[in-house]
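Number of protein chains: 2
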Amino acid sequence: MRITLAVDVMGGDHGPAVTVPASLQVLRENQGLQLLLVGDEAAIGPLIARVSPELRSRLQVVHTAEFVTMDDKVSTALRIKKQSSMRLAVNAVRDGQAKACVSAGNTGALMAVSRFVLKTHPAIDRPAIMAALPTQTGHVHMLDLGANVDSEPHQLLQFAQMGALVAEALDGHARPRVGLLNIGEEEIKGNELIKQTHELLRQSGLNYIGYVEGDGIFRGEAEVIVCDGFVGNIALKSSEGVAKMMAGMIRKQIGRSLLNRVLGALALPIWRGLRHEMDPGRYNGASLVGLGGIVVKSHGSADAASFAQALRVAVLEVEKDIPGLIARELSHPMVEVSPVASET
Amino acid sequence: MRITLAVDVMGGDHGPAVTVPASLQVLRENQGLQLLLVGDEAAIGPLIARVSPELRSRLQVVHTAEFVTMDDKVSTALRIKKQSSMRLAVNAVRDGQAKACVSAGNTGALMAVSRFVLKTHPAIDRPAIMAALPTQTGHVHMLDLGANVDSEPHQLLQFAQMGALVAEALDGHARPRVGLLNIGEEEIKGNELIKQTHELLRQSGLNYIGYVEGDGIFRGEAEVIVCDGFVGNIALKSSEGVAKMMAGMIRKQIGRSLLNRVLGALALPIWRGLRHEMDPGRYNGASLVGLGGIVVKSHGSADAASFAQALRVAVLEVEKDIPGLIARELSHPMVEVSPVASET
Chain G
1 MRITLAVDVM GGDHGPAVTV PASLQVLREN QGLQLLLVGD EAAIGPLIAR
51 VSPELRSRLQ VVHTAEFVTM DDKVSTALRI KKQSSMRLAV NAVRDGQAKA
101 CVSAGNTGAL MAVSRFVLKT HPAIDRPAIM AALPTQTGHV HMLDLGANVD
151 SEPHQLLQFA QMGALVAEAL DGHARPRVGL LNIGEEEIKG NELIKQTHEL
201 LRQSGLNYIG YVEGDGIFRG EAEVIVCDGF VGNIALKSSE GVAKMMAGMI
251 RKQIGRSLLN RVLGALALPI WRGLRHEMDP GRYNGASLVG LGGIVVKSHG
301 SADAASFAQA LRVAVLEVEK DIPGLIAREL SHPMVEVSPV ASET
Chain U
1 MRITLAVDVM GGDHGPAVTV PASLQVLREN QGLQLLLVGD EAAIGPLIAR
51 VSPELRSRLQ VVHTAEFVTM DDKVSTALRI KKQSSMRLAV NAVRDGQAKA
101 CVSAGNTGAL MAVSRFVLKT HPAIDRPAIM AALPTQTGHV HMLDLGANVD
151 SEPHQLLQFA QMGALVAEAL DGHARPRVGL LNIGEEEIKG NELIKQTHEL
201 LRQSGLNYIG YVEGDGIFRG EAEVIVCDGF VGNIALKSSE GVAKMMAGMI
251 RKQIGRSLLN RVLGALALPI WRGLRHEMDP GRYNGASLVG LGGIVVKSHG
301 SADAASFAQA LRVAVLEVEK DIPGLIAREL SHPMVEVSPV ASET
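Heads up: the sequence lines are chains G and U, in that order.
Its first residue numbered 1, the first sequence is counted upward by one per residue in our numbering.
Its first residue numbered 1, the second sequence is counted upward by one per residue in our numbering.
Take the hints with a grain of salt, since some may be wrong.
Since the list gives no way to pick out one identical chain from another, each pair is judged satisfied if it fits inside one copy or across any two copies.
[What the hints assert, rightly or not] Listed next, the in silico DSSO-like pairs over lysine-lysine satisfying Cα-Cα at most 30 Å (straight line):
no.	residue 1	residue 2
1	Lys195	Lys73
2	Lys81	Lys195
3	Lys244	Lys73
4	Lys73	Lys119
5	Lys252	Lys73
To be clear, the hints were calculated from the coordinates, so they are not data collected in a lab.
All chains should be built: construct the whole structure from the sequences, respecting the hints.
Right under this line is the structure:
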């Protein structure tokens with residue numbers, strides 16, 4: 001299967017220095033892959049000058065001098081920077097030059113540009129950001145991670161339906177368990193959004209297992225966890241914050257004394273194993289689901305190994321035809337949700 | 001200063017086997033402390049049979065055979081189990097027999113019983129759950145952690161005011177930095193609740209530093225972080241979940257091979273230091289703030305060292321007279337908030 005991806009090489013904290021080597025790495029791994037490297041050719045040129053002719057033949061540089069910065073407002077990305085590397089990469093998907101696009105740029109801008117250019121699928125109210133997180137037993141797909149605040153129950157139901165389809169396609173898990181993120185401490189469980197969504201999910205035909213609490217995310221209680229984007233983003237970032245704090249504490253303990261430095265050096269195989277399991281690179285690549293095309297968002301701070309992982313996620317989504325799957329399944333009468341949703 | 005605490009010894013996953021030894025430990029540390037151990041005297045008796053006469057003289061057992069289970073509904077705790085150890089411990093605070101009460105029982109039940117018995121302070125709409133979490137630079141006080149869902153902006157402002165007062169009293173930090181938990185990824189920052197609360201906080205006279213994202217909690221960006229209870233509980237539990245997952249991964253790496261087991265044993269000083277820094281026991285003891293008395297909630301799964309920490313938090317809050325402080329400061333015209341709040 002020949003697949004072409006459009007890569008916004010200017011996005012992220014490190015730009016081409018990370019995105020181009022990552023692109024070359026994935027191109028080497030996958031003989032059927034072709035890449036459009038969208039960005040400043042003066043920056044890209046030197047990074048691809050020494051590649052083999054075979055590799056070079058599967059690479060095309062699409063030059064533009066404009067790019068979206070991390071601080072750019074969404075409106076700037078959308079209305080002013082119409083020749084940005086991000087915009088041209090998404091355009092390439094719309095125009096059929098690429099099957100998917102990958103960017104490490106500003107999430108809000110990428111979502112807005114993607115919605116504008118690729119459009120939201122007619123059966124979906126709002127696209128969502130979906131990513132895999134490590135758990136004690138494997139991984140979990142969680143959505144929405146920040147595209148939508150103040151979601152409504154029928155929108156959370158749509159997230160659940162998309163999440164289940166994508167998890168099933170990517171992992172080969174039949175009828176993945178779907179959980180609704182909730183709290184267990186308050187007098188009356190959950191807020192209004194949660195209670196109404198719970199009812200919709202119970203009637204949805206999905207393999208809905210009910211509520212999952214914050215710690216349940218990482219215990220592997222479900223394959224798909226659904227939540228409003230505000231809550232999902234807080235959960236994701238809080239988790240990243242704790243993981244970084246713990247890694248920093250381990251480093252601090254090792255640095256505390258000469259003895260600890262020696263012991264820390266001796267324990268290297270343990271750190272390596274831990275780093276392998278916790279490696280954010282293993283889980284880089286969030287999907288913008290619900291659009292008329294495949295867009296994968298890399299973490300802005302991704303290194304080359306992590307950005308390469310985001311490219312692999314995009315390839316897998318192309319192979320599984322995620323947008324086609326969502327379009328087919330969500331137009332199917334069995335999962336037609338509007339009558340239920342409109343009652344609430 | 002002579003202080004009496006009422007201890008619900010029946011609460012938590014382990015009951016008297018944990019709460020009684022923890023009580024004796026804190027009693028030994030603090031010569032001015034007296035304790036009411038509220039619970040089944042048949043269970044308590046053997047655990048205090050061998051204590052010294054001096055210690056025994058500062059202990060009083062308040063017998064009751066009834067207790068609130070983790071699965072009890074709030075309504076059961078409130079309306080049926082009127083002789084529960086939890087209820088009698090809170091009653092002791094109301095009746096002046098104790099200055100504070102500590103329980104590891106069901107959070108929802110404890111909050112409901114405390115509100116019913118001790119009443120909410122007149123200047124406060126709703127009490128909140130507040131706890132200290134470790135950060136890269138020390139710790140942060142966060143509230144609400146699950147008592148209130150669907151909070152309104154003026155209620156979040158009250159949480160901020162109470163949080164700042166408590167942080168200042170407990171840590172001796174003048175004008176602690178107050179942050180509002182928010183996300184940075186969406187097109188228009190935050191939801192409606194956040195935007196309105198942001199304005200109230202800007203006008204509050206507090207040392208308000210603006211938005212803090214999920215990972216900022218653990219970077220130590222603020223001394224006080226304010227959020228709705230739904231979001232706060234998800235952030236707290238997600239963080240606990242990641243920390244447990246990482247600890248499990250370290251154990252798994254150490255157990256993987258004979259070499260790793262040997263290296264893991266050698267690295268013991270590093271684990272000990274890490275455990276000390278991450279020790280949930282160092283941070284056990286959440287405060288129910290905004291009530292007419294001091295109630296401290298221990299983690300249900302606390303061991304004796306952790307439960308002892310919750311008792312120490314209660315002693316400190318008595319010494320600082322937290323409810324009196326909140327009553328005095330929140331009746332002060334400088335922080336009178338109703339006119340602003342009612343405009344929103």
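Are the CA atoms of Lys73 and Lys119 at most 30 Å apart within a copy, between copies, both, or neither? within (20 Å within a copy, 47 Å between copies)
Checking an output row: Lys252 and Lys73, CA cutoff 30 Å. Within, between, both or neither? Neither: 38 Å inside a chain and 44 Å across chains, both beyond 30 Å.
Lys244 and Lys73: within-copy, between-copy, both or neither at 30 Å Cα: within (28 Å within a copy, 38 Å between copies)
For Lys81 vs Lys195, is the C-alpha pair at or below 30 Å within one copy, between two copies, both, or neither? Between copies only: 28 Å across chains, 42 Å inside a chain, cut-off 30 Å.
Can you tell me if Lys195 and Lys73 fall within 30 Å by alpha carbon in one copy, between copies, both or neither? Between copies only: 17 Å across chains, 35 Å inside a chain, cut-off 30 Å.
Consistency with the previously given hints fails for number 5 only.
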